[in-house]
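First to last, the protein sequences are chains E and C.
Note that my numbering has the first sequence beginning at 120, numbered continuously upward.
Note that my numbering has the second sequence beginning at 23, numbered continuously upward.
Just so you know, these hints were derived from the structure itself, not from any lab.
SDA-like cross-link-like pairs, simulated, lysine to any residue; straight-line CA separation at most 20 angstroms: (1) C/Lys-190 <-> C/Glu-496; (2) C/Lys-431 <-> E/Thr-132; (3) C/Lys-29 <-> E/Thr-218; (4) C/Lys-339 <-> E/Asp-174; (5) C/Lys-25 <-> E/Ala-235; (6) C/Lys-339 <-> E/Gln-259; (7) C/Lys-339 <-> E/Gln-260.
Spelled out, the chains give:
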Amino acid sequence: MIKITNLEKIYRTDLVETVALNKMSFDVRKGEFVAIMGPSGCGKSTLLNILGLLDDCNGGSFLFDGIEVAKFNEQKRADLRKKNIGFVFQSFNLIDELTTYENVELPLIYNNVKAADRKVLVEEALDKMQIMHRRNHYPQQLSGGQQQRVAVARAVVNNPKLILADEPTGNLDSHNGNEVMDMLTTLNGQGTTIIMVTHSEHDAQYAHRIIRMLDGEKVTENILRELDYVHN
Amino acid sequence: MFKHYFKTAWRSLIRNKLFSAINIGGLAVGMSVAILIGFWIKEEVSYNTYFKHYDTIAQVMQNQTVEGKIYTQMANPFPLSKTLQLKYGSNFKHVVISSWQGDHILNKGLKSISESGMYMDKGADEMLSLKMIYGKYGGLKDPHSILLSASTAKAMFGNVNPLDQQIKIDNKLEVKVTGVYEDIPFNTDFNNLNFIAPWDLYVFDQKWIQDDRNEWDDNSFQIFVQFSDNVKIYEANQRVANAKYNEVSEGLKKFHPQVVLMPMSDWHLHNNWENGKQTGGAIIYIKLFCIIGIFVLLLACINFMNLSTARSEKRAKEVGIRKAVGSARSGIIKQFYFESILLTIIAFFIALLFVKLLLPWFNGISGKQMSIPWGNIFFWLISLLFIGITGVIAGSYPALYLSSFNPVKVLKGTFRVGKNAALPRKILIVIQFAVSLILIIGTCVVYKQIRFSQKRDLGYNKNNLIAVYMKTPEFFGKYDVLRNELMRKNAIENMAETSSPMTGLWSSSNSFNWEGKDPTLAQDFGVIRVTHDFGKTVNWQLKEGRDFSRSYVSDSSALIINEAAAKYMGLKNPIGTIVRWGSDSNASAYKIIGIAKNMLTESPYQSTRQTFYMLNYENANWMLMRLNPKMNMQKSLKEIGDTFKKYILSAPFEYQFVDKEFSKKFEDEERVGKLATFFAVLAVFISCLGLFGLASFMAEQKTKEIGIRKVLGASVFGLWKLLSKDFILLVLISCFIAAPIAWFSMYKWLQKYQYRTTITWWVFIVPAMFAIVITLITVSYHAIRAARANPVKSLKME
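Kindly produce the complete structure, drawing on both the sequences and the hints.
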């Protein structure tokens with residue numbers, strides 16, 4: 120589903136040039152759950168942002184479902200992103216002015232889904248994340264765990280092919296953290312590809328494969344368990 | 023999608039109440055000023071357009087050259103009207119000579135009302151396209167007729183048709199009502215014209231006008247014309263230029279009289295003349311206010327941008343999330359435009375409320391009768407356009423700036439606005455404060471000039487002095503009996519009659535000669551006819567010689583001159599000098615018996631005109647009475663009123679206090695002062711909004727620095743000083759920019775006054791101190807909040 124080859128990302132200021140990704144290559148199969156680990160500053164979030172089409176790269180190739188997307192302009196990236204990718208962030212990133220329901224509804228609005236269909240899909244997602252009873256609450260009225268459930272619901276509501284999770288349990292206690300990881304595993308079990316950046320060895324154990332990075336390069340790759348079957 | 027935009031915008035507005043209130047409030051203030059100015063400009067440019075023949079009516083003006091300088095006046099000699107009709111008639115549909123507009127008494131049986139009107143020649147009704155309710159055009163053909171305005175007709179006759187009813191003007195002239203016209207609206211030069219009587223009646227009534235029929239030397243009347251079809255104004259102007267010059271004697275030719283036709287479209291906005299040329303007029307205020315309106319609205323829009331982007335780090339997160347979940351930049355731009363237009367709509371309705379509240383006051387200052395045209399569809403269409411433009415201008419920078427945020431940085435929490443992002447805001451603050459300071463300094467100088475002129479020595483005592491205008495002939499010949507009775511009743515200390523009010527100079531002449539007169543002296547002398555007790559009544563101060571006295575019969579040809587006259591005449595010892603009035607051998611001779619200190623009767627800002635006072639019991643227009651200070655004022659006035667009613671039956675007893683009339687001379691300057699104060703307050707308010715935006719922006723930018731400083735031991739007071747210092751510096755820069763501009767503008771403004779105040783140091787220092795204090799108050803809210811914030815939180819964000 121994803122194939123990156125010799126991907127490069129360099130940050131330049133007047134005085135310093137920092138190589139964030141150095142000829143990084145790997146691929147991710149449909150339905151796979153991949154954990155990316157490494158110390159702070161190793162380039163894992165940069166990688167995730169490029170994979171999520173939020174950021175562009177300086178060199179190399181990035182195939183998404185067989186299409187080269189590395190040179191896409193902003194509009195094309197936004198189009199591809201809203202149809203195929205869901206995000207889960209460490210700090211939840213919900214919009215404070217919108218209720219639980221409305222936050223989850225947001226990707227559907229940008230995808231021009233009809234209001235009646237939106238209702239069905241949002242309620243389905245909220246139900247799945249067991250947060251339906253908080254549908255009219257604002258983010259600041261929810262606990263961290265609840266906020267992350269909403270964020271996950273928002274990430275899946277559009278039924279994306281890929282979920283990118285950037286330390287999704289980083290701001291949660293172990294109980295809520297485990298719940299979020301269970302949710303992601305369930306989604307993965309239902310066929311959604313997941314790429315997760317994490318510092319937690321515990322969380323990484325939920326994945327099929329762990330890619331470890333150092334100084335912008337892939338250093339090791341461990342397969343924890345085999346992908347059961349390839350989803351179509 | 024719009025529903026979603028609306029929801030987000032509305033909730034963001036409700037959640038940040040203070041910020042929203044300041045932002046909308048600022049915009050509303052800017053918009054209300056723009057609306058007020060818009061109303062005012064509309065009113066000004068539509069002045070006189072009520073008249074159907076607006077484009078083809080003109081007033082006859084006259085240029086005369088005196089001592090090398092050309093003076094322009096509206097007053098013309100009687101025979102000019104006939105000449106224009108007979109020799110230049112093909113140019114005009116109507117030539118209408120008329121009196122000046124003035125108050126007269128209209129009597130119907132025992133009912134008397136005082137109304138303002140004019141005597142005008144036939145054709146006035148048609149020329150002015152009066153909308154006749156009763157009667158038709160041609161109502162002035164009969165010399166004993168009168169046209170009444172609808173309100174006057176109603177006041178006199180109620181709701182009945184008054185045609186053919188007989189009434190009297192000033193209790194003596196019998197006239198028949200031949201027409202009733204719709205009241206002429208306020209924004210015209212004839213707005214208070216409540217009756218029009220025939221010119222022929224005026225001539226019939228006044229001997230001096232009959233004598234003037236062929237007199238080219240007495241410029242006492244107005245003449246209006248309406249051009250014939252296809253006659254261009256400049257052609258007509260060229261043809262009639264010498265209409266007077268060709269008719270006058272050699273003596274008058276030296277003044278080189280030139281006739282100029284001023285079109286009605288110029289009367290209101292282009293009526294200033296300098297050295298024979300039109301030099302603008304109130305149009306300058308239209309331009310000035312237009313600039314002020316646009317400037318204020320633009321400042322308010324910029325403040326809106328400032329405040330909207332000041333919390334950019336807060337909005338950045340939302341932008342990042344939206345982009346991450348699939349919004350394109352254009353979607354975010356649309357959202358911010360939607361927000362700004364929504365806020366502009368709210369601001370507009372608040373602005374309408376402000377306008378509604380401010381209009382009575384603004385009408386008072388501007389001398390208008392404006393109202394909000396709620397039912398006018400055109401007004402709402404313009405408003406829609408106004409909202410759209412304002413919303414787009416105000417929303418443009420936030421929309422483009424906020425939508426440009428990189429979602430990666432924003433969502434990672436490493437987003438920081440650039441260091442230079444504050445620079446445009448700083449420049450804006452400096453400009454805003456410089457404008458505010460210029461206005462404040464200007465206001466101080468205007469009021470200083472008013473106070474300075476109010477303290478000027480008047481040369482007489484204006485307090486406790488009342489004046490009664492002698493409206494009807496019934497006043498004449500009653501002076502002695504009124505004076506004796508009022509003196510006997512102790513209601514007054516003294517009483518006199520005069521031809522000019524104490525606050526004006528109604529007649530002048532340049533036909534005075536004396537032995538040794540410099541032949542180049544051609545300026546007019548003010549001529550005031552008074553009764554014996556004038557000096558004692560007004561308490562004038564004689565510098566030399568003596569007052570008029572009943573003991574000297576010869577005082578009937580005595581002259582008291584003022585100091586200005588003594589100086590202008592250049593006489594070493596004026597007392598005893600014989601002055602002749604008139605150019606022929608029958609000229610009357612007057613002997614100067616005294617010199618009075620200059621009395622201020624005209625502009626308090628100009629030097630006093632050379633004036634002659636002479637005894638005359640037949641040409642009085644005003645009665646002056648000094649109230650007895652030992653008697654209660656109300657009682658004195660009642661006694662005077664009762665006495666007047668006893669002897670003068672036809673006219674209601676109406677009086678003026680001279681001191682109040684005098685204070686009206688400052689109305690123009692006070693209006694300028696009030697407007698300057700209004701704009702200064704507004705500018706300060708808008709500047710404070712800008713400052714507030716900048717303070718919140720800088721506090722947000724410096725969160726980390728403040729956190730570190732606090733950890734290292736900085737006190738709240740120390741941090742407050744640190745944060746406030748930058749702003750004080752900006753205001754000081756504004757002071758240095760404002761001071762020379764304000765000084766130069768006010769120096770130029772003061773030059774138009776001969777009698778003027780000085781620009782002292784405190785008019786700069788006090789506003790500067792004020793600006794600094796108001797700056798500290800405004801920025802302290804953010805400075806103290808930032809300084810008191812928990813450093814752990816701000817550092818954790820890193």
